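**Q** So you can see what is in the structure, the chains are spelled out below.
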Amino acid sequence: MNHIKPSRIPPLAALCVLFLLTAWTAGSLHAASADQTRRIVDSAQLFLDSLSKDERSKVMFDFNDSAQRKRWSNLPVNMAERRGLRMGDLKASQRDAAMKLLAASLSRMGYEKVVGIVESDEVLRKEASRNAPPFGRDEFFISFMGKPSVSEPWMIQFGGHHLALNITVAGPHGVLTPSLIAVQPARFTMDGKTVRPMGRETDKALELVKMLSEAQRKEAVLGSQMRDMVLGPGHDGETIQPEGVKTSSFTETQRRILIELISEWSGIIHDEAASAKLDEIRGNLNDTWFAWSGPMEAGKGYFRIQGPTVFIEYAPQRLGGDVTMHIHSMYRDPTNDYGKKFTTR
Amino acid sequence: MRCTLISAGCLFGIVLAVAAHRLDECLQAIRVGVFTDRVELAVDITPGAAVAGGVLKVIDSDRDGRISKAEEEGYGRAVLNDMALRLDDRRLSLTPISVQMPPVPQIRDGTGAIRVRAAGAFDRLRPGAHALTLTNTHLPDLSVYLVNALRSKDRSVEIGRQTRDESQRGYRLDFMVTRQPPGTGVNPRQ
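Here the protein sequences line up with chains A and H, keeping their order.
According to the numbering used here, the first sequence is numbered sequentially starting from 1.
According to the numbering used here, the second sequence is numbered sequentially starting from 1.
Treat the hints loosely; a few may be bogus.
[Claimed, not checked] As a list, the in silico SDA-like pairs of lysine to any residue whose alpha-carbon atoms are at most 20 Å apart:
| no. | chain 1 | residue 1 | chain 2 | residue 2 |
| --- | --- | --- | --- | --- |
| 1 | A | Lys-218 | H | Arg-161 |
| 2 | A | Lys-204 | A | Ser-263 |
| 3 | A | Lys-246 | H | Ser-152 |
| 4 | A | Lys-300 | H | Leu-27 |
| 5 | A | Lys-246 | H | Gln-162 |
| 6 | A | Lys-340 | A | Asp-236 |
| 7 | A | Lys-300 | H | Val-144 |
| 8 | A | Lys-300 | H | Glu-25 |
| 9 | H | Lys-153 | A | Thr-309 |
| 10 | H | Lys-57 | H | Val-144 |
| 11 | A | Lys-246 | H | Val-144 |
| 12 | A | Lys-210 | A | Arg-256 |
| 13 | A | Lys-126 | A | Gly-320 |
| 14 | H | Lys-153 | A | Glu-243 |
| 15 | H | Lys-57 | H | Asp-37 |
| 16 | A | Lys-300 | A | Asp-203 |
| 17 | H | Lys-153 | A | Thr-239 |
| 18 | H | Lys-153 | A | Pro-308 |
| 19 | A | Lys-100 | A | Ala-34 |
| 20 | A | Lys-246 | H | Leu-150 |
| 21 | A | Lys-218 | H | Glu-166 |
| 22 | A | Lys-58 | A | Asn-78 |
| 23 | H | Lys-153 | A | Asp-236 |
| 24 | A | Lys-147 | A | Arg-38 |
| 25 | A | Lys-147 | A | Arg-56 |
| 26 | A | Lys-70 | H | Gln-100 |
| 27 | A | Lys-218 | H | Thr-163 |
| 28 | A | Lys-246 | H | Thr-163 |
| 29 | A | Lys-147 | A | Ser-50 |
Note that these hints are calculated values from the structure, not bench results.
Quantities reported herein were computed from a predicted structural model and do not represent experimental measurements.
Chain H with its partners taken away, still in its complex shape (with noise of 0.2 Å):
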């Protein structure tokens, strides 16, 4: 019983030793995109072979085996439900622009990563301080993350700290308004 005991975790150990793609963890990677007028997130979710079959009960929500495209949409929608965003203390409703599933045999080996893309619409931004604060409660107890701002594509929009816990589950970007685009009116509700 020892000895089968030890050559379980000798094999154990070898395949953790060489195995080559993500294992027993969701890699959830986000980057935010800011612009005076909306928000974008790109999401990709990586579940590790080891993790995978937990995260595909969540998406293949009838148990067939495959993932028709209204599981892939409401996966979509799920994700994005998970998320707690909030513009100058204003929670800002994300819609889905579009979600890339990969095959399921790439999803169980870890190395298909779903893809999520989603936006934020508001208000044009008057010139000032504004902060971005982002909560992300996808599969918390299967996942890590990373979540970075992207270098702004507005020129009117300039990046400043962000600020994250360890995890990065929680997130905070302060950003500038620096001036509007010409031909562009200051709307006074923001």
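With the rest of the complex left out, here is chain A (with noise of 0.2 Å):
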């Protein structure tokens, strides 16, 4: 006869337990992440619906337009062509609609540091000069790949100077990769107030480099210049060697920052799909590096976090004479730009 031991029973129970948790948790999040994709969806058509015939086919492109998918830049926009409906040619009641959008597809965050941006490219255009390129909030675009679908992918893509955000929508699943984001000014006053839509990453990249030990600062800090990123714009399907110090090493604080500070560009887009994509870094973040150029001075550095599944650079710019107030980033994942890994038959 055989006998269960009475000690091997709370832990069978226990496993079942975990696994029914585990299970409707799944399925909770799931559940969330459709009601998420349902939100953009409504909202998308509420702005399609805002539209002109002639509008409606400016901004709507196929889902596997190649070339419509990499027309992204951080140059301003008579630099590098940007296709789809111009902000500034909208009117308040589509912009409305279009903004909304966005708010629905980003995090609370996410959608401050783009309207950040957007002040920021403002900022410019009431400082430039006559022959200075087109700055302003007007100066954005937006754009379908695909048609708005809870089940079918499609993607949003709204940008212009020093803004590239590509939005994949998969049935449950969102997807912030690749997208460009930059700034200049890095700093200015609004109603009164102090913006810096990269300002906690500037900090929290500083926090982190200068709590290194001196073992790992060794490893961490690149001993040459880095003027600029390696895979910005133009670089979509590259992978570089990763560099610097692998996270593996890192106490739990380091960690604490490290993921907090790539917060920064997962959690741009809504939380549902954030809280995913940080789950899965922190899944891998044995297999992560940290690399600095540069002084270790707020905004003045250049930084890269690589992990299998995220791709983050940040690099100070030197035109405009100050490099802490122009900054170019790229929030890239090898495995899924453009959402590949779900879009892919």
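Two chains, each in its own frame: build the complex with the hints.
**A** Here it is in structure tokens:
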């Protein structure tokens, strides 16, 4: 006769409970993500409904239109063509609907960051000479690749100078990579308040590099100047060899700061997608690298975070004189740019 | 006179402050792909608006304001001639694969990247440690440099340490060849 030892029952029961809890949690998250997708689709539909037939034809592209997919850049719109609808050509109600769609697609933090970047470009416009490129909140473009759907994959592209959001929606999944997040001026005053759209990432990166031990810093700091990003616009599909310090050597506190730093990019998309993405990044933390180049002062150093499913570069730019006022950054996922994991059949 | 200088200075400052593209330097960004039988270089050269005239003079050898196919290819060769690539202390010659030239106005604006692709072939490497060095002397007075190894697509190549001088004109890449792919022999000369 087989006897089950009493001591084995609790672990088995615990496993069953754990399995049920996991299944329930996964199901709940899936449902929450599906609800979020529904909200994004509804917002997209409201925006599309506000457009004329001609405007709709300008804003819609085929999901597999590879030329439109890579039509994004850090450059002003007269130097790198964008297609879709220009915000300055929309009526106030249409513009409002476009911004509501962005708000539905992004987290609150992400939306505020994006609005901050757009407003910084407006500051550039006001300061610009007559011959300067077109800057300002009118010079941002919105387009769709594929038809908004709760089940079929589609994309929202929103961007202009210093901003390129590529948001892929595929059923319950939301993907923000690749996206270019940049700003100039990086610090400005609006309604009497100082605004730093990329302030937290600037400060957290400095906090992290200063927190490294001497041995970790020796690994992390690259002994050469980094004048620009390596995998900026035009480098889809490329993966460079990681360098710097492996974050498996990080203490719990260093890991926490690193995760907070990564969240400044991964958390731009809506909370459900951001949470799933961050869990994935956390799971790969022992195979993630952090590299730094340049002065250890806020906004003056280049840094890179690279893991199996995340690639972030932050590169202060000399143009404009003060490197702390002009920042370029790139957010990629070598395994899932444009949501290819969820859209390839 | 003083007012004029101050005004000119202010205007230049404003232009600098709001310019949105590369201005006074030429960015040379190189990605290095390592395989057991070749090295591939992807060289992107983006001259800033203020130095583009100097770069165009090098490219447009007949000074007719247009870039012919022969001038494109000639510039590609000139770029590669300025690169000294060595594998385990042996000089490798680079063969151009392609040269993509953006329209002249884009180069003048500082927004056009000239893309040169090249490869250096060698006999299949034996398993063990190897080192690749690259020295780039192309347009040193105008340029800033980036050089990075791509993650190897060749499963028998393990990329190791990358060492650069401060300007990234000088670069060394250590790598290991771990095993030979099935069905390939090892060339005893290597």
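**Q** Which hints, by number, does the structure contradict?
**A** 11, 15
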